[in-house]
Amino acid sequence: MRRASERIASFAKISLGHSVSVDRPSEAAQRVARFAHMIPPIILQLAGLSALNAAGVWIVAETALPIPGNLIGMVALYALLALGVVKLCWIETTGSFLIKHLAFFFVPITVGLMDAGSLFAAHGLSIVVVLVASAGFGILLAGWTSQCLIGKPRYPEGKP
Amino acid sequence: MTQFPMIAVTAFGILTTIGAYALSLLARQRYSSPMTTPVLFSTIVIIAVLLSAGISFSDYKPARDLITTMLGPATVALAVPLYKNREAFLRHLVPAGVGLLVGSLGTMIAAALTARLFNFSPELVSSIAIKSATVPIAVEIAKIVHANPPLTALFVVTTGMIGASFGPWLMDRTGITRPVARGLALGTISHGQGTAQAATENELCGAVAGVAMGLGAMCTSLAAPWIVPLFV
Chain Z
1 MRRASERIAS
11 FAKISLGHSV
21 SVDRPSEAAQ
31 RVARFAHMIP
41 PIILQLAGLS
51 ALNAAGVWIV
61 AETALPIPGN
71 LIGMVALYAL
81 LALGVVKLCW
91 IETTGSFLIK
101 HLAFFFVPIT
111 VGLMDAGSLF
121 AAHGLSIVVV
131 LVASAGFGIL
141 LAGWTSQCLI
151 GKPRYPEGKP
Chain X
1 MTQFPMIAVT
11 AFGILTTIGA
21 YALSLLARQR
31 YSSPMTTPVL
41 FSTIVIIAVL
51 LSAGISFSDY
61 KPARDLITTM
71 LGPATVALAV
81 PLYKNREAFL
91 RHLVPAGVGL
101 LVGSLGTMIA
111 AALTARLFNF
121 SPELVSSIAI
131 KSATVPIAVE
141 IAKIVHANPP
151 LTALFVVTTG
161 MIGASFGPWL
171 MDRTGITRPV
181 ARGLALGTIS
191 HGQGTAQAAT
201 ENELCGAVAG
211 VAMGLGAMCT
221 SLAAPWIVPL
231 FV
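Residue numbers (the working numbering), protein chains in the order written: chain Z, 1 to 160; chain X, 1 to 232.
Isolated chain X, as found in the complex (with noise of 0.2 angstroms):
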């Protein structure tokens, strides 16, 4: 794209970006599946809008970097739903507690034991074992347990889209029925599309699954730096 100034294309690149999620929103209104998560559903509209105006991903990284510079202070922002239903969660401190516990050091054991199976390469293995973090925190994480900040990301929104849509089905044949045991596993292990999809089930569901993703990131922050060497 070298024939348009940058500053034209990356303000193309932020339109089609806020398009494609206000289309995914849209979309999810009136089809809600799997395949209209906001993220998957907007990724696949905006790479292709990219790749039909020949725009390639470097040039539309200005345009990701100006957007993701609000990451941090969403993060922040995950304070506010843990203060507002702090009572909600403290009636159950100790079941989720353990529950967020072993649900979070849980899939990164998996997820890291799986990996060193299939030989991946060591940065592949710490990328891969701390996907369950938020993206704000895993890329930070990353950085602490020498994995690949990018790729990081690719597993923790893909991890978000496996869990967002087919947790609850699985949760379902499974007998887990309580709201609070649903919320929590989604926010654990698949963050804020977990968070998202758990809101739309039930209040206190989405309560705890806001909480659970903040402690859960918490959580695998501070066991990262000691289990992922395990592996690795």
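The following block holds chain Z by itself, in its conformation from the complex (with noise of 0.2 angstroms):
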């Protein structure tokens, strides 16, 4: 039983991040009650991400720029951070688990090899080749162009 409740709370601490202590996974009433707590604050948040969002894409429409409007929300927030409008703790709750998570938004993206059956049937082998080619190239590239630059290292391995 113990087992099963401690792998309960650690599935609670992958989910919510930082956000909920799971050192006693007996508290577990409390933790609810906690994360129930947050829930005003993160619509709240997520709201506001919203919002950039849409005005990141409104000017994309306005302007026509060949950007894409999120990525103009996403310097936005950077920049009523840096600016001290917005502080880091009105957002971060929600956009720290929106980051954690963000494999989950695009699962539903990759549900669609379902219907990609015969693109990989006629080009597979050769799409796969593509990927694996130019990402390890890419990797090897920036990892190297970057580690032979920064010169000796001032971070003893493996420590942040």
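Wrong hints could be hidden among the right ones.
Claimed, not checked - The calculated DSSO-like cross-link candidates involving lysine-lysine, where the alpha carbons are at most 30 angstroms apart (straight line), are:
1. Z/Lys100 x Z/Lys87
2. X/Lys84 x Z/Lys100
3. Z/Lys87 x X/Lys84
It should be emphasised that the hints constitute simulated quantities derived from the structure, not laboratory data.
Two chains, two separate frames, one set of hints: put the complex together.
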């Protein structure tokens, strides 16, 4: 039983990030209460992020800039944080949560693979070759270039 | 699925997606391997569930659209790690900046060039060239360079899976050991999945990857309209 409760607690830790303490799994009820307490700020933060996204999309539509609208929203949020207009704590809970689970939001897009059977039947192997080769090449290029330019390591390996 | 109302199918699709994703997190905790990467694992589970329930992809589309509306705000939120780790990143601004530029342009040109050699259609070449930008940005770039957005998304996530699972392996074997360099390479090439992978290695590595994911996507979106037409 203890193992099961620990597993649930560690799952809560993965899905909720640092917002919830999971040191004592027996405090499950307390954690749920604390999470419920966080719902209003999460909704507000989400509204703020959505508003910035919508503003970015609107700017792109108005100016026909060759840049994605959400990227403008991201730059705008960075500028607001740097200027001190928006405090990090206003947006951090939801921001960190969304980024932690960024993978979740594009899972539905990959489910589209269901209908990509014919494309892969026609080009399958060559597509995989292109993707693997260009990813490996890019990783080596980016990694090597930056490592050579950094010079001596300032941080011991394996330590932040 | 005509015997069930669309709202039920949509709810089922959303619940299946959440369930599969939660399962992938548990699986990754217990058995960490390239096969338990959240996107790869969840996708396989969802497709299996949908097929066995007799739900086609077009029935799943409303659920997909609801979940992916969150991609926009999620991308905006990338400013948070960018801002939080600005000092760590600014310390290595020049090496990281050059690595980022070389990496994202290099992978774009390599992909476009090899795709061209395989005689892919222009739409396929454009779609594959921009695969290192994170999904929400890549689908927008796709519209600008006349690529196919769903196809682009597919290539982006496949690249994420390839880089996140085999990137660390490749860098171990080629002597790329510094956290900043590793994080930069993973974030630049494999965006979200690369960043998630980098964060498991080391905090600085993850932070740099998060920044590189944002800036790499920006770099790709600014360069793609000029570079992609050269290969199409």
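Hint-by-hint comparison with the structure:
1. Z/Lys100 x Z/Lys87: holds, 20 angstroms
2. X/Lys84 x Z/Lys100: holds, 15 angstroms
3. Z/Lys87 x X/Lys84: holds, 11 angstroms
Checked against the numbered hints given earlier, the structure satisfies every one of them.
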